[in-house]
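Protein chains: 2
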Amino acid sequence: MNAEIVSIGTELLLGEINDTNATWIAQQLKDIGVNLFYRSTVGDNEARITAVLKLAMSRADIVITTGGLGPTVDDMTRQGVASAVGQPLEFHEDLMREIEAKFARFNAKMTPNNRLQAMLPQGATVIDNPVGTAPSFRCDMPDGAIISLPGVPREMKFLMENSVLPWLRERAGTSIIKLRVLRTAAAGESWVGSSLPI
Amino acid sequence: MNAEIVSIGTELLLGEINDTNATWIAQQLKDIGVNLFYRSTVGDNEARITAVLKLAMSRADIVITTGGLGPTVDDMTRQGVASAVGQPLEFHEDLMREIEAKFARFNAKMTPNNRLQAMLPQGATVIDNPVGTAPSFRCDMPDGAIISLPGVPREMKFLMENSVLPWLRERAGTSIIKLRVLRTAAAGESWVGSSLPI
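The listed protein sequences correspond, in order, to chains A and B. Residue numbers for the first sequence follow our numbering, so the first one is 1 and each next one is one higher. Residue numbers for the second sequence follow our numbering, so the first one is 1 and each next one is one higher.
Hints are computed from structural coordinates only; laboratory data are not their basis. Any given hint could be a false lead.
Claimed, not checked - Quick list of in silico lysine to aspartate or glutamate cross-link-like pairs, DMTMM-like style, CA-CA up to 25 Å:
(1) A/K109 <-> A/E189
(2) A/K102 <-> A/D128
(3) A/K157 <-> A/E16
(4) A/K30 <-> B/E46
(5) A/K157 <-> B/E16
(6) B/K30 <-> A/E16
(7) B/K102 <-> A/E155
Claimed, not checked - Estimated spans, in silico, between C-beta atoms of each pair:
(8) A/E16 <-> B/D94: 52 to 58 Å
(9) B/L182 <-> A/V181: 18 to 24 Å
(10) B/R97 <-> A/R180: 34 to 40 Å
Each residue gets a CB set at the ideal place from its N, CA and C atoms; glycine is no exception.
Make the full structure from the sequences, and use the hints.
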């Protein structure tokens, strides 16, 4: 099983933050034997998100996106995924009620744009997010799936550990990658490289 | 002027290190007004490096790669760039002598595989690297260039600051992106988003 990570957010392209999400997800995928051949980063632009997702789907079975699920106009992941899988966005009344309940519980002010967060690509499966307000979702495709997670590291990790990794583990093969770091006292990597029997 | 960063190294796909190189380069590009619409990460695999570079060249004027310039068998950037620009690799006698002199100066052991580092795509311009042994280079294309830098952050930053950024500054436009972080005491981004006049 091959995966690709697509990190979404203009802040990553402006160098405002390090993409520690992608590093962490890569570690988790390695540990369960899912191959990762590519990572991509794209800004908050619907057309470019769609293009990157289509390419990722052509290269990998599982595409994991992070970021762009918030309520503001620059949060384009829902629209990008919908275009990439060729489905319209659909309003989920039940999801809306959950979001409203969370806002009430967190004592936070709700605005009309939060309605956007209850829109998901038609046919998507909701990934319940008890640790934040951004709904996450999975779009199953004939040859794999796109899984969209929030960019907030705490929420992303919770959803990975509690929903995505168990789901992937059931479907991944049994071969995993074991890493061993060998520290050498040799004079540089060229000498080590030329001494290995490969 | 649009750029794309291509980070090369299987260690990035295994989550062994954070890609702080790409973050730093993104900051520098922003400061001189070069747009960055995509970042890509690929492992030490010649065919996949070539494919990612071809795609990057189709999307951007300037492609900046980091990593994969060492002397060991997993250092595939030279071959990948050569394939992407459609040029054979060529041995540079003068570069070889420089590498030998550096090894002598650093008192390091040289092996036959260091000869690989004196191979560059035909027509490439050498970017002098006084702070390390990995030769860097630029391949000029009709519509832009591929610039290949080492993955060692200290070397990469030195070459960016002393060679690549001055070269880019001469060619980039004059519009730059200014960021201002506004801290708010409001109840969440959805409220701030809906209050902005856009």
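Now the hints, each set against the structure:
no., hint, in the structure
1, A/K109 <-> A/E189, "violated (56 Å)"
2, A/K102 <-> A/D128, "holds (12 Å)"
3, A/K157 <-> A/E16, "holds (21 Å)"
4, A/K30 <-> B/E46, "holds (21 Å)"
5, A/K157 <-> B/E16, "holds (17 Å)"
6, B/K30 <-> A/E16, "holds (10 Å)"
7, B/K102 <-> A/E155, "violated (49 Å)"
8, A/E16 <-> B/D94: 52 to 58 Å, "violated (41 Å)"
9, B/L182 <-> A/V181: 18 to 24 Å, "violated (43 Å)"
10, B/R97 <-> A/R180: 34 to 40 Å, "holds (37 Å)"
This entry does not satisfy hints 1, 7, 8 and 9, going by the numbered hints stated previously.
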